[in-house]
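Protein chains: 4
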Amino acid sequence: MIIVLKPGCTDAQLTHICEKLEEMGFRHEVSRGIKRTLVGVIGEEDQLRNAPLKAIPGVEEVMSVLKPFKLASREFHEEPSVIDLGHGVKVGGGYLMMIAGPCAIEGEELLHEIGTKVKAAGANVLRGGAFKPRTSPYSFQGMGEEGLQILRRVGDELQMPVVTEVMDPRQVELVNEYTDIFQIGARNMQNFNLLNEVGQTNRPVLLKRGMSATIQDLLMSAEYILSNGNMKVILCERGIRSFDSSTRNLLDLAAVPNLQGLSHLPVVVDPSHATGRPDLIPPMALASVAAGADGVHIEVHSCPEKATSDGAQALLPEQYAEVAQQMAALAKLLNKTIPAAGSAS
Amino acid sequence: MIIVLKPGCTDAQLTHICEKLEEMGFRHEVSRGIKRTLVGVIGEEDQLRNAPLKAIPGVEEVMSVLKPFKLASREFHEEPSVIDLGHGVKVGGGYLMMIAGPCAIEGEELLHEIGTKVKAAGANVLRGGAFKPRTSPYSFQGMGEEGLQILRRVGDELQMPVVTEVMDPRQVELVNEYTDIFQIGARNMQNFNLLNEVGQTNRPVLLKRGMSATIQDLLMSAEYILSNGNMKVILCERGIRSFDSSTRNLLDLAAVPNLQGLSHLPVVVDPSHATGRPDLIPPMALASVAAGADGVHIEVHSCPEKATSDGAQALLPEQYAEVAQQMAALAKLLNKTIPAAGSAS
Amino acid sequence: MIIVLKPGCTDAQLTHICEKLEEMGFRHEVSRGIKRTLVGVIGEEDQLRNAPLKAIPGVEEVMSVLKPFKLASREFHEEPSVIDLGHGVKVGGGYLMMIAGPCAIEGEELLHEIGTKVKAAGANVLRGGAFKPRTSPYSFQGMGEEGLQILRRVGDELQMPVVTEVMDPRQVELVNEYTDIFQIGARNMQNFNLLNEVGQTNRPVLLKRGMSATIQDLLMSAEYILSNGNMKVILCERGIRSFDSSTRNLLDLAAVPNLQGLSHLPVVVDPSHATGRPDLIPPMALASVAAGADGVHIEVHSCPEKATSDGAQALLPEQYAEVAQQMAALAKLLNKTIPAAGSAS
Amino acid sequence: MIIVLKPGCTDAQLTHICEKLEEMGFRHEVSRGIKRTLVGVIGEEDQLRNAPLKAIPGVEEVMSVLKPFKLASREFHEEPSVIDLGHGVKVGGGYLMMIAGPCAIEGEELLHEIGTKVKAAGANVLRGGAFKPRTSPYSFQGMGEEGLQILRRVGDELQMPVVTEVMDPRQVELVNEYTDIFQIGARNMQNFNLLNEVGQTNRPVLLKRGMSATIQDLLMSAEYILSNGNMKVILCERGIRSFDSSTRNLLDLAAVPNLQGLSHLPVVVDPSHATGRPDLIPPMALASVAAGADGVHIEVHSCPEKATSDGAQALLPEQYAEVAQQMAALAKLLNKTIPAAGSAS
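Residue numbers (the working numbering), protein chains in the order written: chain W, 5 to 349; chain A, 5 to 349; chain Y, 5 to 349; chain X, 5 to 349.
Excised from the complex, chain W in its bound form (with noise of 0.2 Å):
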């Protein structure tokens, strides 16, 4: 941590700063330079971090020299994690997650259909959503614990591993008998008591990023499960705010190779709704297999015109089969594995 002093800091400020700093148990050392002086402060940086060194007389600004993230980060676990998530499934060090299915979850018999096709084009995890999280009070808010029902049987029955996402502390346990892996939505990226109970669970959350959250504030996030004891956490990208319009979201595709260089969790990718648009979904899913993701996301629907939720995103499950083989021969190229759900247990 460096204290930069303002131009007119007096004797007497400095004093109290470097008392201050003491009175906490930190060694400093102080720097006078051509026009400004600064102060370095050795010890450890979390205790530094939330003490308000900023609103002591004479401060013009502190510098954080580490990141805030620990057990995020490579410097805590040098390895890429591996993440298993049932069925023979599993994701990072060169293992992708192919996950695919309907944004909402309407029914067991389009579930069923939309889980064989996309399975035989080389899906290995199941989507569907039970509680959907709407910007309007007067949309639909999915068909809950009846959903997670049929969720679970059609995912036994394909032997796939299914993902939900879970929206309140208080479902968390009811979710849990359900899922294979929770999914925490991108309006929940910072709501850190669902964080903190899915932390205290044994199963795999992947952790959609906030459409204003920074790369750092992403693995804050992360750290908030980490730090209950549950190292199982997938990343993932999937569009942040931006003034263009034109799509619904801005994907940053460079989030990829930037959060694994910082983490060792797995980074998957969700161009559905990044873009929000049909015609951007297979480019930039091959675009994410190309910068090195460890997965994609993509919401796949028999009749998207009839969809409950999300309909005019969704692939065609024909169209999902054709950008999941460009995926694959991408893979291969690339040296990646795409585990086959159901071949092991």
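It is worth saying that the hints were derived from the structure and are not from the lab.
In this text, all values refer to a predicted model and were calculated from it rather than measured experimentally.
Mixed in with the good hints, there may be bad ones.
For chains that are exact copies, the list does not tell them apart, and a pair is met inside one copy or across any two.
Stated by the list, open to error - DSS-like cross-link-like pairs, simulated, lysine-lysine; straight-line CA separation at most 25 Å:
1) 340 to 94
2) 58 to 71
3) 39 to 24
4) 24 to 94
Please arrange chains A, Y and X on chain W, whose structure you already have, making use of the hints.
Positioned in the frame of chain W, the structure of chains A, Y and X alone reads:
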């Protein structure tokens, strides 16, 4: 709702679109322009909004004519809402709410000292956090119920209504026992289950705008609370994410008249979180009043360098007194009233 | 300047870094912390800034301690600059500039009519565009030199200083013959050759903030003009890009005190381009004065539905008169002076 | 064009609107919905767009049905444009442009060395800046004409087409003598006079997206060049402004298929300026090719720590060779061709 057809949309596709609309019970009118054909759809926009019209082949774009919020709109309630906060304080329709207090509750004596000073300076609502949403799991998370008890006692002693944040649907019942006003923080603006929960109480809710929420998103979140029967929603602009890091967030002051034009709900401004800089808070507080805000929310701490949370952005009580006096002069010029707390019951 | 070393930085790399610094003539101090080693570099930051220190192996980050602008800074010139605009009008240091007029000059009679009305309402600078930067090549591009002649004649008749945009270094000489103040538009804020050109005149320059310019970017662009010898720069906040499309741009009003804290240059606000909405212009104009702005720039047109450019965002002369009166009352409350144009020569 | 009327729009206002439209020569159709009345306007949208319809009393909103760009659109030119760059290199329609070279030209020997290496690695266009737009007036501004001469000589010797930036309309004639391709930098994307000037030459133009330019803004700037008669425009995505400071800009890779869907012009990507980080450039270069880009632009320097400009973001020649080989493998998989420079004249 207007459907714009793609340039090459076939007659069969157009017929299919019209059949879909009839099936859903909507009237429609086809209008052929020079380069594009349009279909005007007449019916309840809410139902239309939920129909995935964009997924139908041949559709280029779907344009909404109406806003999706209703209970929050001026069309539903023409006059500005005036909300009673207790202890003689009201907000909206010419009454200003002057919220002041520390970021986090740290002890009874300190809160009492700060509360006494800000009340003397003209504040009419006391704030203080007992549950703190912190980016890092390693930061101070608040005093919890003990903090709520302190806040209640100090509020009663000073005869000021109090406001405190609720972060979790499971805390609503508890917080409801102690507070006069719920605060929903920016990170929870789209925590829909939490909105539903406070919507089922009868207590005023200070709803803070999310960091990447549009004006419409904020009103849709208010709509969640309103549609549960609680009409006492106070909107709060507190800065949004931007590319300039010289302030903590970017204060969108035009949101004040923008929201007031669309909605009858009071709109207050929080320049403390918006700027994160004590030097910018006073001018932004004055600008908020000049922009027509129904209240101003300012963090005040008598010893910022000892604060457990956000000390660097707090004003000293004497700084608050100075800006509060200027706000009062400005309010008078604009024919606004600042109710004194404790003047009535 | 502080160099943060990578965790695994070798002694050979550190030696190389230190040799590089000595070669460039800088003193340095090595400081070993618990997790990171730092190198403090003492010398002229400008020279350091241009050295690609981050490209040296072993370097994790390079942190600047000083701001890169000099002539624009408060450290260079402590007191607020007061700039003389002619016809008795000044801006800065307590004097407010009230700019009003149509977006584009469309004819002498019309400009004279608008100018007469806004002067009567209290405006002290007349604006009008002769060269118009338009997003589309198919839109009206301005009247050119004929427009300049009209502006000059009307300004002289009404005894008001005039301001008009210059878009091209080749136009500077021509525009200089007619205008009292150059305007550099938002799209040209980083047109460095144009900045150099107006920097070589002796005329005040109204420099508008670019749509994605940080506070520092704006001051660096001012620095281009100042470093050419022209110290008469007036900064203008006119809204930046954001994700909310309900206003044309996002007015960053905190930029006013933020810039005034860093720089001695006057700062004016343009709520017309910032919001693009006549209903939001008056409250934002008042808020600008309350925030401490040194002037307000408002587009006024006597028949907006016939305007050739940006008619939808213009105020009517009677609307301007109303808000100008309120701004005057507010200025009085804040002890600011609005010089009357034509009161002196 | 569709005009949405305000809820309380009077019959007199509606009549006035219809008269205005007739006066301007447009047909119109009035459509009364449940909550809003619409007026559909039939006629040339360009003329409508320039009419300030929103300023007419009673109008709530004006919605465009058509895009404002024409010559740049797929509707004007259905097939992808293929542009000849000289020395046997083409871009667009399956041909990839591989641009490499230093940020700034610093000397003939160095440029020759870098050029030789990048050509051997597969680059087919050599870049180098002679006029540098720098944020600070105190930074190196480029070698000027001497740099252009060096670039021309090295390009001729290596039989590679060359690209260099032009910043000022007054430089167009000079730069035209030396370069094969003009580059318009991000800061000048809306320097409309400069666009007009290069539009009057017959030389390919690499048009970089501005930092806050929407997809449509970029196409409108291309339209300036095209409407002057120069149809050889190559669009370049190079990152936009965002709230995350961990990369220099935010690479919007979805812009590639988004632009290609709307326009026939080739689209290349510059991951160097987009990320500003050597570790992120290779994955983003691969992702660009996978996303369907028509070319990739990468800065390469043989001694980044001595570069006069942007050294910290340059790849070493050996790093470039590695990523170029991977891009070639990927291009082959996707059936794209990378023309070798010098293979034809």
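Taking the hints in turn, this is what the structure says about them:
no. : hint      : verdict
1   : 340 to 94 : within (12 Å within a copy, 33 Å between copies)
2   : 58 to 71  : both (18 Å within a copy, 18 Å between copies)
3   : 39 to 24  : both (24 Å within a copy, 22 Å between copies)
4   : 24 to 94  : neither (50 Å within a copy, 43 Å between copies)
Violated hint for the displayed structure: number 4, the only one.
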